[in-house]
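A.B. asks: Make one complex out of these two single chains by using the hints.
Keeping their order, the protein sequence lines are chains P and V. Under the working numbering, the final residue of the first sequence carries the number 318; numbering is consecutive throughout. Under the working numbering, the final residue of the second sequence carries the number 255; numbering is consecutive throughout.
Rather than coming from a laboratory, the hints here were simulated on the basis of the structure. This structure is a prediction, so every number in the text was calculated from the model and none was measured. What you were told as hints is all true, and nothing was included just to trick you.
Heads up, simulated EDC-like pairs for lysine to aspartate or glutamate below, C-alpha to C-alpha not over 16 Å straight-line: (1) P:LYS211 <-> P:ASP25; (2) P:LYS248 <-> P:ASP273; (3) P:LYS136 <-> P:GLU97; (4) V:LYS97 <-> P:ASP91; (5) P:LYS111 <-> V:GLU4; (6) P:LYS185 <-> P:ASP204; (7) P:LYS278 <-> P:GLU295; (8) P:LYS116 <-> P:GLU128; (9) P:LYS116 <-> V:GLU4.
Some chain P residues close to chain V (C-beta under 10 Å, calculated; not the full set): (10) TYR15; (11) SER56; (12) ARG77; (13) ARG79; (14) ILE80; (15) TYR82; (16) HIS86; (17) ARG88; (18) PHE89; (19) GLU97; (20) ASN108; (21) LYS116; (22) ALA151; (23) ILE160.
Every residue gets a Cβ at the ideal spot worked out from N, C-alpha and C, and that includes glycine.
Here's the letter readout for the chains.
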Amino acid sequence: MSQFAIETQGLSKAYGDLWALRSLDLRVPKNSIFAFLGPNGAGKTTAIKLLLGLTSPSEGGGYIFGIDITRQSNDIRGRIGYLAQHPRFYDYMTARETLRFAAHFYYNGPKEAIEKRIQELLTLVDLEEKADRAIKGYSGGETQRLGIAQALINSPELLILDEPASGLDPQGREEVLDLMEQLQKTTTIFYSTHILDDVQRVSDTVAIINKGTLVAQAPINQLLSGTDGVAYVLTIEGDYSKVESHLKNLPYVTAVTTRTEDDSAHLVVTVEDETKAKKDMLRSVLSDKTVTVTEFGRRKYELEEVFLRLVEEKKDAE
Amino acid sequence: MQSELTPIRSSGWHLGFGNLVRRELSQWFGTRTWFTQAMFWGLILGGVTLMLVGTADPASTPEERITTGLMLFTIFGSIFPAIAIIIFSTSSVLEEKERGTAAWVLSKPVSRTAFVLAKMFVGVVSYSVSLVLIPGLIVFSIIYLIVGAIPLGSFLLGLGPMILWYTFVHFLCVCLGTVFNSVGPVAGPASVSLFFVNAFDLSGIGAYTPWTLSFVARDLMQGLPITSISPVISTLIVLIVLLLIAIWRFGKEEF
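In isolation and in its complexed conformation, chain V is listed as follows (with noise of 0.2 Å):
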């Protein structure tokens, strides 16, 4: 019966990024979690929008409704939710490392750089679907009910700068809990962080942050001409230098 098995044959950067992904993936889809950070964000969010747009000056117009709408969505689902990432993301990497996780998972034929890349992969698209996602049809369906005439697909374009928002906050804890063995510094700078959100403006040194991100996902769900690219360029390059950063200190870790 072994002769049957068929053993993997192949070597490199990506050896065990499949099956680390299964895991990862099965972990949050695989449970109650994703259900259970969807239904939690997909009310908050919808509540605030559904208690501000409903409640709104009679006098005003669909569109500034559904601005006020989407402008409170942008900002306060780029604060709240990624409270919960920090606190995911942050664990994931430490437990697995004080834990000894890590260490079992990384004396199998399992490269260094496939358990990053795993994490980062498998984060996005779990936070995308349950804090992004799902929450944002939420929001959109709560918007359309009350004041009707927004358009899906500008909707969802405009998703994706704060699953962009999202993708910073994730790299930042994992980059940093390759770094560091405990909670405060690896925690701590992503907190601080979602203090700058809204912060800046699009003119200066705010366009060149991912802190503006959430003006670009307005502009989109609104179906106006985003003011900047600045913001998604600038945070593509941050996540780009965060990977290789946790990719390199994590080769160096020793178990």
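The shape of chain P in the complex, shown without the other chains (with noise of 0.2 Å):
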């Protein structure tokens, strides 16, 4: 049994003489919140509807669950859930009529257990007020939480959500994401998105697309922790020369810089050894007492920097 809810090799689309999706390679492991990060344009959706069977690929393929996506594609669709970048549905419906009919997709019945999922979908969603009014009169925040819903209705072992928080405001974006933390338990997350922040938030995995393209894909710490070897970042007020001095002759510290900005000095030690480091780096700076530590930990970059690091790479290598 594989360790992985997605799986592709290979993956592309061409549209004539466009390729919108080229040689994705991706692999998914099972109850990771996952994003597949990318511009727009960038071949998210693309990606998606192949997935999805709702589009089939040009060259290369795919599993989820261990199960052909251009083969099986019914059946993959049975153990999933979808949440579409617009989601449109029937807008002379209610949206609990909307869920009763997506979950007759999925259940026989009973009629009382079905109702019983779509009332503890409305209330997840807080759509209860508005259950049994016509779609056509919901804002977008409404129309993307019946969206979340109706992708939940089988208590799914993977949602596929295409860009679940745009179009949401601050409040909606946040309730989206804290959802998504919730479902996590239960089920392996997949979403595409361009927002940098939500990725920051609750990703656990993330995938780096670009014009079509896999840029980068990796564990978020690791994305975040750079690909230019363990550094710690020590931040200090006082006589930083000395520290900076003493950094320089621990056996395991390969470089050290440092930039000053008023009254403290920011040094970021790059260390050949991280174990050592970890042990002895901070307890070598404390034993100085003419200087004051507030602050000290392993570097991390901001996802942007990563994200526009990486694409500027992989600009160059083309």
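C.D. replies: Shown next as structure tokens:
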């Protein structure tokens, strides 16, 4: 049994001469919140539609729970939930009717159990009060919440969300992210987004795509740690020069760069032995009573930096 | 509670068919559409029948009046309500593709064949009731009240070829709706085909087209032996071809 919910090999889609997606190799671990990050037009929605069998690949293929996405897409769709980027429903129906319609694709009954499931989901997405009003009067946020509810109707093992927080106000966005965190306990979540803050907040694994090509794929902590070696960041107040020279003499330190700002100095200490550095570095600096350490920790990049750097690197490589 | 839910275990071409049929039927029969359409076409066709049969030459025989009434009903009834069918059937497929509801439905465990079949099946049922059966019974009642002596069984049997004609118009629109994405190429051919109603007779090529089904309908309604069964057989073959094209083309659609 594979440890991955989604695996693709060389998944590609061309429209005429234009490649919307080129040779995508994704590995989405089970029970992860996997962010599929890329700018608008990067190929995220195309990839999702290929996974769902809504469109067919020009080359390559993939598996969801070990099931072939091109040959057995009906079996796959029975086990997943999907929220489109701009969810569209029959606008003459109410939210309750929409959920009932969606439920009958998965369940034969009994009626009471289906109605109970619908009620649970209406409560979850806070649409109880509007549940019996026609969808045509819904705001964008309400439609999005209904979209999430219908995607959850079958208690899916995998939830595929295409830009779930785009178009929502800050509160709505926060609610969606909270919901995703709650759902991770029981479901793998694969979601596309171009909002870096959301990725950094809720995801544990991220794949970056640009112009139809996969740029990087890794656990988010790994990406944020950077690829240029392990480094620690120290912020100190007082005479930093002694600390700086002391650090340079430590056997596991390979480089120290210092930047001063007002009364503080920020030191980035690159190390070759992380275990030793973790154990010894702070203790060693604190032995100098003339300085005060106000911040210490492993260097982490902002996702935006990582994203821009990776995209640039990819561009240079081409 | 979740464990009480009974999952659907089936798969194959019919996956989701029942649910899709229920939704399509409720969109027609669960709203006022079915009644509005039935009354509208009942009043139009009934009114024309009343006007022409009721004001016919007093010297004419009851049989002549019945023939006149049924001829008008089968011709007008094949042309005007078909315009409504073209509008409904065209928008039924195109709107789903354009607005994204088809993509939403197909993101569920639903076979594309079931999607097309549900559209085809429900259209036939809906139009048969609202555009053929009810207006037909109104026309029958008017003829019966004015002239009398018209056998109900034969009349109802004669509605069969009319239903077949409407099925042809509906299938044509749905089939073209799976191929094209704009109204013109979908509604155009079906609209043009209305001009051929009564343009052919049952000799020659006309006997092998759906456009002569109105003759078959009239013969059956009058209790006469039908001149040719060929329009029925050829229309059935055309329907199968249209259905297969629609299923094949929709299966290739990219959402």
